[in-house]
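**Student:** Sequence:
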Amino acid sequence: MKIGTALVALLSTLVATNGFATPRAFAVRGGNSRLSMSTTEKEDTKTEGKKAGKDAPPVNIGWDSHKPVESVPDSLVREGDGPDGNYPMRSKFEKMCRDAQISITKAIQEIDGEAEFKEDAWVRANGGGGMSRVLSGGKVFEKAGVNLSVVYGSMPQEALQAATERGVDRAKGMAPGERVPFFACGLSSVMHPKNPHCPTMHFNYRYFETDGGVWWFGGGTDITPSYVNEKDMKHFHGTYKEICDKHDPEYYKEFKAWADRYFVIQHRNETRGFGGIFFDDQNNKDPDEHFAFSEECLNSVVKAYGPIIEEHKDDPYTQKEKEWQLMRRGRYVEFNLVYDRGTVFGLKTGGRIESILMSLPETARWEYDHQPEPGTPEADFIDACKFPRNWV
2 MKIGTALVAL LSTLVATNGF ATPRAFAVRG GNSRLSMSTT EKEDTKTEGK
52 KAGKDAPPVN IGWDSHKPVE SVPDSLVREG DGPDGNYPMR SKFEKMCRDA
102 QISITKAIQE IDGEAEFKED AWVRANGGGG MSRVLSGGKV FEKAGVNLSV
152 VYGSMPQEAL QAATERGVDR AKGMAPGERV PFFACGLSSV MHPKNPHCPT
202 MHFNYRYFET DGGVWWFGGG TDITPSYVNE KDMKHFHGTY KEICDKHDPE
252 YYKEFKAWAD RYFVIQHRNE TRGFGGIFFD DQNNKDPDEH FAFSEECLNS
302 VVKAYGPIIE EHKDDPYTQK EKEWQLMRRG RYVEFNLVYD RGTVFGLKTG
352 GRIESILMSL PETARWEYDH QPEPGTPEAD FIDACKFPRN WV
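Once you know that position 274 of the sequence shown is 275 in my numbering, the rest is easy, because the numbers rise by one and skip nothing.
Everything labelled a hint here was simulated from the structure, so no lab data went into it.
Treat the hints with care, as some may be off.
Distance condition first, Cα-Cα at most 20 Å in a straight line; then the derived PhoX-like pairs of lysine-lysine [unchecked claim]:
#, residue 1, residue 2
1, Lys321, Lys107
2, Lys304, Lys314
3, Lys314, Lys140
The calculated label-pair distances, taken between Cβ atoms and stated as ranges, are [claimed, not checked]:
#, residue 1, residue 2, range
4, Glu255, Glu117, 36 to 42 Å
5, Asp381, Ile103, 36 to 42 Å
6, Asp82, Glu311, 26 to 32 Å
We put the CB at the ideal spot given by N, CA and C, even for glycine.
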């Protein structure tokens, strides 16, 4: 089944309500607690505050505001653009993302051995822009994309609330109803291999600033297989646990649990895949410390993911296994269009639509009321999605 008008209609309905359904409790096997999908929001008691300047960017950047260019400037970060803030960090984060985009696409292209990444670039009149690198129809990968984006804009306060995890007040000092000037830079990627025994992988690392000097880091890397392979999961999760332990002994436990909470398809009460790490609203340490953690996580994507693809890219598979993979991709689409914070944020702020929807696979499948037979590998996979497991 092609991704069609039904899901677009569903997306439109949910975006109109901030893209979030009523939270549900979510069980975790092996523990005594239940992870709640709800977040605590601060009560809005502001009655007055400052207003955005007359020269502030529009709330909606505009679907047609992205101008294609042959090549982007050496830097899309310009001092003086956007809200006052940490300009050196903006530049440093952008450079980290650019370097990672080059190194990751080079490595993935070598693994594929056939297709090449194609790049397109764009700029916006009010500042910022980006570069997309997309590979399709490869020997190993059906589709793989890595997007760099630098955005200056302003957004409704409710859109900003949807862009963060814990209901933190990122519009501090703004008058009710006023749009919030912001800066955002990030690198995001989704890779969809052809072989059902090769998992899909996603990462996103980002840096935000809003008016008034508020800043935070967010990101993570997660994996979405179609079958359980404990060796693969130990390698993937073990790679990121090692990085987390190096920077903070509490990081892996916290960020792994965060991923298990975040990547839940709430209307099915199951996770999208087998998680990884996810973090948001990180600003409780020196900015350089948060940057160093994000940098090492981003630069370890190939180390965590590449060996798994090399191991399984030539595995034999049946038509039934391929159909199961396509059904799991259908679940991937459901999550991305309904719950993914980046998708909701991009749509609410008029982002570049091709970049926003780059994460979707080229093919997916929906079967009516499909239930795996008990005792099958598919049933074991669903169990791991309903009861997240500890892999390391």
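**Student:** With reference to the structure, classify each hint as holding or not holding.
**Tutor:** Cross-check of the supplied hints:
{"no.": "1", "hint": "Lys321 with Lys107", "result": "violated, 33 Å"}
{"no.": "2", "hint": "Lys304 with Lys314", "result": "holds, 16 Å"}
{"no.": "3", "hint": "Lys314 with Lys140", "result": "holds, 9 Å"}
{"no.": "4", "hint": "Glu255 with Glu117: 36 to 42 Å", "result": "holds, 39 Å"}
{"no.": "5", "hint": "Asp381 with Ile103: 36 to 42 Å", "result": "holds, 38 Å"}
{"no.": "6", "hint": "Asp82 with Glu311: 26 to 32 Å", "result": "violated, 42 Å"}
Hints 1 and 6 from the list above are not met by this structure, while the remaining hints are.
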